[in-house]
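Residue strings, one per chain:
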Amino acid sequence: MLQLKNLHVKIEDRTILKGINLEINAGEVHAIMGPNGSGKSTLTQIIAGRDLYQITQGQILFEGKDLTPFAPEARAQRGIFLAFQYPIEIPGVANAYFLRTALNAKRKFLGLPEIDAMDFLALIKEKMSLLHMDPSFLNRSVNEGFSGGEKKRNEILQMAILEPKLALLDETDSGLDIDSLKIVARGVNTLRTSERAILLVTHYQRLLNYIEPDYVHVLSDGRIVKSGGKELALRLEEQGYGWVKEMTA
Amino acid sequence: MTSTTKLEELTSQDYKYGFITELEMDRAPKGLNEDIIRLISAKKNEPAFMLEWRLKAYRHWLTMKEPTWQNVKYPPIDYQDIYYYAAPTQKTKPKSLDEVDPELRETFNKLGISLAEQEVLTGVAVDAVFDSVSVGTSFKEKLGKMGIIFCSFSEAVQEHPELVKKYLGTVVPYTDNFFATLNSAVFTDGSFCYIPKGVRCPMELSTYFRINAAQTGQFERTLIIADADSYVSYLEGCTAPKRDENQLHAAVVELVALDNAQIKYSTVQNWYPGDKQGKGGIYNFVTKRGKCAGINSKISWTQVETGSAITWKYPSCILLGDNSVGEFYSVAVTNHYQQADTGTKMIHIGKNTRSTIVSKGISAGHGQNTYRGLVKIMKNATGARNHSQCDSLLMGDLCGAHTFPLIEIKNSTAQMEHEASTSKIGEDQLFYCKQRGLSEEDAVNMIVNGFCKQVFKELPMEFAVEAQKLLGVSLEGSVG
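Going down the list, the sequences are from chains A and B.
Under the working numbering, the letters of the first sequence match residues 1 to 249, in that order.
Under the working numbering, the letters of the second sequence match residues 1 to 480, in that order.
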């Protein structure tokens with residue numbers, strides 16, 4: 001589904017990704033781990049099409065197509081979803097309205113009729129109960145005044161509504177207490193299907209106890225320095241990133 | 001697509017309402033002198049008190065200087081190079097819509113405000129002001145049965161001179177300011193509304209203003225009186241055809257609320273803002289003021305200002321009656337080279353008077369947006385309260401937002417709150433929306449409408465929808 005080929009990415013004059021090769025197939029969950037500043041967030045953002053970043057070499061293929069000419073909204077409509085590390089606040093815009101607009105943008109792209117307000121309400125209520133969200137959330141402004149946990153749950157709710165083919169989860173576990181982490185992880189696990197690919201980025205092994213990855217990759221200084229199964233995450237937890245860095249030095 | 005080409009593509013759209021109606025014009029020569037004023041008064045068959053009032057205003061105006069304190073720039077206006085009187089020629093006044101010039105009605109149809117349709121569909125009585133002469137008034141009979149007077153200003157002068165004489169200039173005196181004084185001397189028409197004691201006006205009263213003839217200064221005068229225990233909601237909407245020369249619009253609106261009366265005045269202003277280089281556009285120099293004369297009275301101003309090259313207005317409230325309430329809700333948008341210097345004055349005179357100010361300024365392109373406000377608590381205004389909130393939203397790096405809030409307190413029991421914020425539509429907000437599949441235009445629309453929500457919710461329903469659409473059109477392509 002997703003192929004990264006020798007991907008080099010820079011922001012302004014700083015090169016952040018220095019030749020990433022990665023292939024993710026439908027049904028797989030890949031975890032990217034790595035120390036601060038290793039380029040994890042950049043990787044998710046460049047796939048989603050953020051134009052702060054620039055590809056200097058290599059390419060990103062999604063379902064066999066080069067993503068370069070596609071704007072962020074076109075990528076989203078084609079099924080790429082990014083759960084943000086720091087979800088953005090949009091004051092005065094009700095969550096329900098935001099989500100329905102997003103869903104309809106996608107449906108329009110797929111040539112489907114717009115979903116009406118009643119059907120949407122039924123859909124979102126079902127998804128909200130999955131994530132233990134209070135109904136009052138529907139009328140609150142997007143992420144405004146949300147706690148850290150509420151923001152992250154909101155991201156997963158959006159994912160549940162938009163049903164992407166490829167979900168990029170950027171540090172979805174950061175700032176969550178253990179209860180919230182379990183709720184979020186359960187939400188993600190229910191969205192784990194044989195048609196959907198998930199790429200999750202995290203510092204800590206903790207999340208991987210709840211969302212078991214098929215593959216773990218270690219990112220350091222803009223390169224994937226080690227790949228393996230979930231046992232790799234456990235080793236990182238025990239020994240830190242030092243040994244990986246030494247190995248590549 | 002890069003943001004620059006998108007910007008160019010979107011902003012190359014023409015002003016939607018830029019068309020000119022060919023009508024026979026009855027026009028006085030250019031320039032201003034006492035003879036012109038006498039001519040206007042004679043054309044309108046006015047009683048002597050009106051002519052005297054106009055002449056007093058004119059003589060006072062000759063002693064005044066154009067103000068320079070406002071934060072807007074424009075080339076000097078040659079007041080002798082303006083037509084002060086232009087009226088579509090019609091031999092007799094139309095008694096029904098059928099008698100209205102078909103071409104004129106076509107113009108209204110293009111604007112989507114067909115009088116006939118409005119009568120049937122929306123239940124709004126429209127007093128349409130077209131180049132200074134009121135051409136159609138609907139629902140008049142129905143309102144008349146309740147004792148409500150809703151007519152053109154000229155008609156009010158003829159039919160209800162005692163009311164005009166009693167209230168004209170009591171809120172905005174003819175000596176008030178340069179533009180209001182000019183208006184007092186030369187105004188040609190406008191709207192008049194009187195709600196009798198104890199009557200709740202059953203529908204939104206609405207006036208659509210349009211400026212049509214080239215180089216005709218538009219001097220409207222509106223006077224609304226809500227007698228004791230009455231209520232009225234009044235809508236004012238404006239669009240103007242495209243012109244290359246700047247056009248002066250100096251209107252005056254006076255509101256009077258007596259004991260326990262309430263007036264809600266809503267404006268959506270979408271006059272021609274000038275082109276992308278700042279050429280042309282309306283100079284909207286307007287004096288709007290309401291007097292809460294009676295106890296427990298209330299006046300609310302809600303305005304959405306998206307048009308005009310320059311907007312210069314401060315819808316204000318004089319809170320004279322004890323327990324009276326003044327409100328001001330405003331959205332002002334400046335894009336390209338538009339300039340807006342707008343805000344309000346809340347003058348607390350009576351005891352326990354309260355006022356609320358919510359101002360949302362949006363600047364894009366090279367637009368300059370200024371909030372200027374005065375909250376004044378007079379010595380006897382025991383227990384007065386004010387809450388002010390001024391928020392500015394910036395789009396791009398070339399625009400500006402300025403705020404000049406002034407507070408004068410002469411009574412120590414006053415309670416004041418003032419909040420202010422300035423934010424920028426962030427690249428991160430846009431990216432977030434786009435990542436959810438929204439186009440850039442939809443994303444900007446959504447963010448801006450969210451920003452304005454507090455004001456839009458004060459607008460009557462049909463106006464709120466129009467306002468949201470206008471905002472979208474005004475800001476298209478403004479994020480680069």
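Please keep in mind that the hints were generated in silico from the structure rather than gathered at the bench.
Be aware that one or more of the hints could be misleading.
Not everything, but these chain B residues come out facing chain A in the computed CB check (under 7 angstroms) [claimed, not checked]:
1. Arg38
2. Asp81
3. Gly147
4. Ile149
5. Leu163
6. Lys424
7. Gln429
8. Phe431
9. Tyr432
10. Arg436
11. Gly437
12. Leu438
13. Ser439
Below, a list of computed lysine to aspartate or glutamate pairs in the EDC-like style, where the Cα atoms sit at most 20 angstroms apart [what the hints assert, rightly or not]:
14. A/Lys65 - A/Glu114
15. B/Lys142 - B/Asp176
16. A/Lys5 - A/Glu144
17. A/Lys230 - A/Glu89
18. B/Lys457 - B/Glu204
19. B/Lys197 - B/Asp176
20. B/Lys469 - B/Glu441
21. B/Lys424 - A/Glu63
22. B/Lys43 - B/Glu66
23. A/Lys226 - A/Glu63
24. A/Lys10 - B/Asp428
25. A/Lys108 - B/Asp81
26. B/Lys424 - A/Asp51
27. B/Lys166 - B/Glu155
28. A/Lys10 - B/Glu427
29. B/Lys453 - A/Glu144
30. A/Lys108 - B/Glu419
31. B/Lys351 - B/Asp428
32. B/Lys65 - B/Asp176
33. A/Lys18 - A/Glu28
34. B/Lys279 - B/Asp78
35. B/Lys424 - A/Glu144
36. B/Lys197 - B/Asp259
37. A/Lys226 - A/Glu237
38. B/Lys453 - A/Glu89
39. A/Lys18 - A/Asp221
40. B/Lys276 - B/Glu441
Glycine residues also receive a C-beta, built at the ideal position from the N, C-alpha and C atoms.
Evaluated hints:
Because the closest C-beta pair between B/Arg38 and chain A is about 53 angstroms apart, greater than 7 angstroms, the hint is violated. The beta carbon of B/Asp81 comes no nearer than 45 angstroms to any beta carbon in chain A, farther than 7 angstroms, and the hint placing it at the interface is violated. Hint on B/Gly147 is violated. Least Cβ distance to chain A is approximately 41 angstroms, over the 7 angstroms limit. A cut of 7 angstroms between beta carbons decides the hint on B/Ile149: the least distance to chain A is about 39 angstroms, and the hint is violated.
For B/Leu163, the suggested interface contact is broken, since its CB lies about 42 angstroms from the closest CB of chain A, more than 7 angstroms. The restraint placing B/Lys424 at the interface with chain A is violated, with a minimum CB-CB distance near 13 angstroms, outside the 7 angstroms limit. Checking B/Gln429 against chain A by beta carbon gives a least distance of about 5 angstroms; that is within 7 angstroms, so the hint holds. Among the interface hints, the one on B/Phe431 holds; its C-beta lies about 6 angstroms from the nearest C-beta in chain A, closer than the 7 angstroms criterion.
A hinted interface residue such as B/Tyr432 counts as satisfied when its beta carbon comes closer than 7 angstroms to some beta carbon of chain A; here the least separation is about 4 angstroms, so the hint holds. The beta carbon of B/Arg436 is positioned within 7 angstroms of a beta carbon in chain A (closest approach about 4 angstroms), and the interface hint is therefore held. Look at B/Gly437: its Cβ gets to within about 4 angstroms of chain A, closer than 7 angstroms, so that hint holds up. At about 6 angstroms, the closest approach between the beta carbon of B/Leu438 and any beta carbon in chain A falls short of 7 angstroms, and the interface hint on this residue holds.
A hinted interface residue such as B/Ser439 counts as satisfied when its beta carbon comes closer than 7 angstroms to some beta carbon of chain A; here the least separation is about 6 angstroms, so the hint holds. With a CA separation close to 27 angstroms, the supplied pair A/Lys65 and A/Glu114 exceeds the 20 angstroms bound. For the proposed pair B/Lys142 and B/Asp176, the alpha carbon gap of about 36 angstroms is over 20 angstroms, so the pair is violated. Only pairs whose Cα atoms come within 20 angstroms are accepted, and A/Lys5 paired with A/Glu144 is rejected, the gap being roughly 38 angstroms.
At roughly 34 angstroms between alpha-carbon atoms, A/Lys230 and A/Glu89 are farther apart than 20 angstroms, so this suggested pair is violated. Pair hint B/Lys457 plus B/Glu204 holds up; C-alpha atoms about 16 angstroms apart against a cutoff of 20 angstroms. As the CA atoms of B/Lys197 and B/Asp176 are separated by approximately 29 angstroms, the hinted pair breaks the 20 angstroms bound. Between the alpha carbons of B/Lys469 and B/Glu441 the distance comes to roughly 12 angstroms, so the proposed pair stays at or under 20 angstroms and holds.
Restraint check for B/Lys424 and A/Glu63: not satisfied, since their Cα atoms lie roughly 36 angstroms apart, outside the 20 angstroms limit. Of the pairs offered as hints, the one joining B/Lys43 and B/Glu66 is violated, with about 28 angstroms between alpha carbons and a cut-off of 20 angstroms exceeded. Annotation: proposed proximity of A/Lys226 to A/Glu63 is violated, straight-line Cα distance about 25 angstroms (limit 20 angstroms). In summary, the hint linking A/Lys10 to B/Asp428 is supported, as the alpha carbons are separated by about 18 angstroms, within the 20 angstroms threshold.
With a CA separation close to 54 angstroms, the supplied pair A/Lys108 and B/Asp81 exceeds the 20 angstroms bound. In summary, the hint linking B/Lys424 to A/Asp51 is supported, as the alpha carbons are separated by about 18 angstroms, within the 20 angstroms threshold. Between B/Lys166 and B/Glu155 the CA atoms are separated by roughly 16 angstroms; this keeps the pair inside 20 angstroms, and the hint holds. Proximity of A/Lys10 to B/Glu427 is assessed by CA-CA distance (about 18 angstroms); at most 20 angstroms being required, the pair is judged to hold.
A C-alpha spacing of about 14 angstroms is found between B/Lys453 and A/Glu144, which places the hinted pair at or below 20 angstroms, so the restraint holds. Between A/Lys108 and B/Glu419 the CA atoms are separated by roughly 41 angstroms; this puts the pair beyond 20 angstroms, and the hint is violated. Note on B/Lys351 and B/Asp428: the hinted pairing is violated, with a Cα-Cα distance of about 48 angstroms set against a maximum of 20 angstroms. For the suggested pair B/Lys65 and B/Asp176, the alpha carbons sit about 12 angstroms apart, so the restraint of at most 20 angstroms is met.
About 24 angstroms separates the Cα atoms of A/Lys18 and A/Glu28, which puts this hinted pair outside 20 angstroms; it is violated. Our distance criterion of 20 angstroms between C-alpha atoms is met by B/Lys279 and B/Asp78, whose separation comes to about 17 angstroms. About 16 angstroms separates the Cα atoms of B/Lys424 and A/Glu144, which keeps this hinted pair within 20 angstroms; it holds. For the given pair, B/Lys197 sits about 9 angstroms from B/Asp259 by alpha-carbon distance, which is consistent with the 20 angstroms threshold.
As the CA atoms of A/Lys226 and A/Glu237 are separated by approximately 15 angstroms, the hinted pair is consistent with the 20 angstroms bound. Of the pairs offered as hints, the one joining B/Lys453 and A/Glu89 holds, with about 15 angstroms between alpha carbons and a cut-off of 20 angstroms not exceeded. Between A/Lys18 and A/Asp221, the direct Cα distance comes to roughly 8 angstroms. Compliance with the 20 angstroms bound is thereby established for this hinted pair. Between B/Lys276 and B/Glu441 the CA atoms are separated by roughly 18 angstroms; this keeps the pair inside 20 angstroms, and the hint holds.
Of the numbered hints listed earlier, those contradicted by the structure are 1, 2, 3, 4, 5, 6, 14, 15, 16, 17, 19, 21, 22, 23, 25, 30, 31, 33.
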